[in-house]
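**Student:** One line per chain: the protein sequences are B, P, S and C, in this order. The opening residue of the first sequence carries number 1 in the numbering used here; numbering runs sequentially from there. The opening residue of the second sequence carries number 149 in the numbering used here; numbering runs sequentially from there. The opening residue of the third sequence carries number 297 in the numbering used here; numbering runs sequentially from there. The opening residue of the fourth sequence carries number 445 in the numbering used here; numbering runs sequentially from there.
Hints are supplied without guarantee of correctness; some may be wrong.
What the hints assert, rightly or not - With a cut-off of at most 20 Å between alpha-carbon atoms, the simulated EDC-like pairs for lysine to aspartate or glutamate come out as follows: (1) S:K405 - P:E180; (2) C:K553 - B:D124; (3) C:K553 - B:D128; (4) C:K556 - B:D104; (5) C:K539 - C:D572; (6) S:K405 - P:D272; (7) C:K553 - B:E47; (8) B:K95 - B:D128; (9) P:K257 - S:E343; (10) B:K112 - C:E491; (11) C:K556 - B:E47; (12) P:K257 - S:E305; (13) P:K257 - S:D331; (14) B:K95 - B:E47; (15) S:K405 - P:E165; (16) S:K405 - P:E195; (17) P:K257 - S:D393; (18) S:K408 - P:D276; (19) P:K260 - S:D424; (20) C:K539 - C:E461.
As the list claims (entries may be wrong) - So these bits of chain B aren't anywhere near chain P, every CB distance computed over 12 Å: (21) E17; (22) G26; (23) A30; (24) R42; (25) R51; (26) G53; (27) M62; (28) D66; (29) G99; (30) K112; (31) V126; (32) G141.
Keep in mind that the hints were calculated from the coordinates and are not lab data. Where a beta carbon is used, it is the ideal one built from N, C-alpha and C, also for glycine.
Protein chains: 4
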Amino acid sequence: MPAAAMTAEEIANLLHEVFPQGFYPGCGLAIERVDYANVRVRRHFQESHIRPGGTISGPTMMDHSDFAMYVAVFSAIGPQPLAVTTNLSINFLHKPDRGDLIADARLLKVGKRLLVGEVTIYSDGVPDPVAHATLTYSVPGPVPGDTD
Amino acid sequence: MPAAAMTAEEIANLLHEVFPQGFYPGCGLAIERVDYANVRVRRHFQESHIRPGGTISGPTMMDHSDFAMYVAVFSAIGPQPLAVTTNLSINFLHKPDRGDLIADARLLKVGKRLLVGEVTIYSDGVPDPVAHATLTYSVPGPVPGDTD
Amino acid sequence: MPAAAMTAEEIANLLHEVFPQGFYPGCGLAIERVDYANVRVRRHFQESHIRPGGTISGPTMMDHSDFAMYVAVFSAIGPQPLAVTTNLSINFLHKPDRGDLIADARLLKVGKRLLVGEVTIYSDGVPDPVAHATLTYSVPGPVPGDTD
Amino acid sequence: MPAAAMTAEEIANLLHEVFPQGFYPGCGLAIERVDYANVRVRRHFQESHIRPGGTISGPTMMDHSDFAMYVAVFSAIGPQPLAVTTNLSINFLHKPDRGDLIADARLLKVGKRLLVGEVTIYSDGVPDPVAHATLTYSVPGPVPGDTD
């Protein structure tokens, strides 16, 4: 396994620079582990995550899946902040607790144009996952005349 | 085609009552049309929707898809705020403009336990869609005589 | 709307040439309509499609979705038989009848590298769809050094 | 972890009984390992699996994913042959070799009404996966006291 292309601190600095409205001190996101193509990201609980029924909303978990995959992309191919999601598919498995969400993201394919990964989301301290997502990211490439 | 189970105003009132942190005056969401199993919802542009590259973020469109489907569920089966997403799959097609998002949600199946729908998202005034999602919602049971 | 890049007959001839084990006289597949990015394909009923419960199997409908999208790709960009599926997501809505399947495929995006479409499958003569799929196809591209 | 609800031999016998057109001596499918919610299934190579480009077709891998998940469902809840797929989402990662396919299926959720799992497909002897799928199966109800 190669070394990660960026450390957790380098990724945090990059995100703060290019995405200041999404990642800033106090935003509640913490990059807890970065290995090559394999990362863990925490989202601290906020009341705004709650939906009817008293559980954490689906869009909060979608957002967290997408963020974890973005970090995993950086871990494999370095600073490519213009990488974009082309597909996300998520299944909700169990109602999350009122607490932090932990996302484990793992890349299944690191291609030159497309990266595919899976993200498993847990409630902190609970062994059964609350959601599972697969995502594809596209890296803006040197394709002459390409407007995709 | 049957009549819608709830009007746009009734759905807005329900959402404001059961989901005050997600739907409130000034939240930027507007339910523009409600027919049976077929609705249109607008999300007014906010700077917080922007991601690196100057375009609207994927999670903003995921959230909007999920919200539009939630409204479509109410249009077909009435006030069931504890209905929950079990699956969402979304494809991103074109970069959205810096402007409002329009979501057209249409149910493909209205079962006793599961509802399936598709949501097409547009940038306001642009004919080509920016994203397309399919979603499954589960209605909390028990459902006597369920044959789904 | 531009004209279709190939006619139904041209697509049938191409398929028979490049995919003789999949498309041949008597294989049960018929390309019924080809417009630009919008096609209809029929699969004649065969007993081998049946699964436990007496209904048509899921893999039969997956296969039919994928075939219809392949034809839709040709309708938009011409003879590119090396185009490959990168993602398929399918929802099963109603149990199909013992009869022909009709697939309506429609492209949502025609990019230089990726094409995205949706396929709705019906039992012949029944208005409610039995399945709905979204697919992404990748066109092998002139990306120097690309091995995706 | 509980014991598997059925052994590989019991599952093979059940399949041969209820699905004789899909599972029979010489069909090329072999159930190689059955643990609770975790199974391995092999598909022997056949020329009919090949698509243009000389690689194994997408529908062959979709079919194999669905079959592996069906076996995993039996491993967890016993003989429920009327369990049906409600959703499948698959990503194709690498072109498979001309050889056997191995599917590892693992359940992520075993609910009373819905089971969710993921299937990773390999070319026999090759470490990188060729495809990854997530599936939902629905178990026919009514289920007294269901709280899913």
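**Student:** Has the given pair, K257 of chain P with E305 of chain S, been kept, meaning a C-alpha gap of at most 20 Å?
**Tutor:** Status violated; Cα separation ~34 Å.
**Student:** Would the least Cβ to Cβ distance between G141 of chain B and chain P come out above 12 Å?
**Tutor:** 14 Å, holds
**Student:** Quick check for students: does the CB of V126 of chain B sit more than 12 Å from each CB in chain P?
**Tutor:** Holds, since 18 Å exceeds 12 Å.
**Student:** For the pair supplied as a hint, K556 of chain C and E47 of chain B, is the alpha-carbon distance within the 20 Å limit?
**Tutor:** With Cα atoms ~30 Å apart, K556 of chain C and E47 of chain B exceed 20 Å; violated.
**Student:** Between the alpha carbons of K553 of chain C and D124 of chain B, is the straight-line distance 20 Å or under?
**Tutor:** Holds, because 18 Å separates the two Cα atoms, which is no more than 20 Å.
**Student:** For K405 of chain S and D272 of chain P, compute the direct alpha-carbon distance and say whether it is at most 20 Å.
**Tutor:** 18 Å, holds
**Student:** G26 of chain B: least C-beta distance to chain P exceeds 12 Å?
**Tutor:** 15 Å, holds
**Student:** Check whether the Cα positions of K405 of chain S and E165 of chain P lie no farther apart than 20 Å.
**Tutor:** Roughly 39 Å separates the two Cα atoms, so the pair is violated.
**Student:** Confirm or reject the statement that R51 of chain B sits farther than 12 Å, beta carbon to beta carbon, from all of chain P.
**Tutor:** 6 Å, violated
**Student:** Take a quick look at whether K539 of chain C and D572 of chain C sit within 20 Å of each other, Cα to Cα.
**Tutor:** 10 Å, holds
**Student:** Keeping to a limit of 20 Å between CA atoms, is the pair of K539 of chain C and E461 of chain C held or broken?
**Tutor:** Between K539 of chain C and E461 of chain C the Cα gap is close to 34 Å, so the pair fails against 20 Å, i.e. violated.
**Student:** Within a Cα-Cα threshold of 20 Å, do K95 of chain B and E47 of chain B meet the stated pairing?
**Tutor:** 16 Å, holds
Comparing the model with each earlier hint shows violations of hints 1, 4, 7, 9, 10, 11, 12, 13, 15, 16, 20, 21, 25, 26, 27, 28; every other hint is respected.
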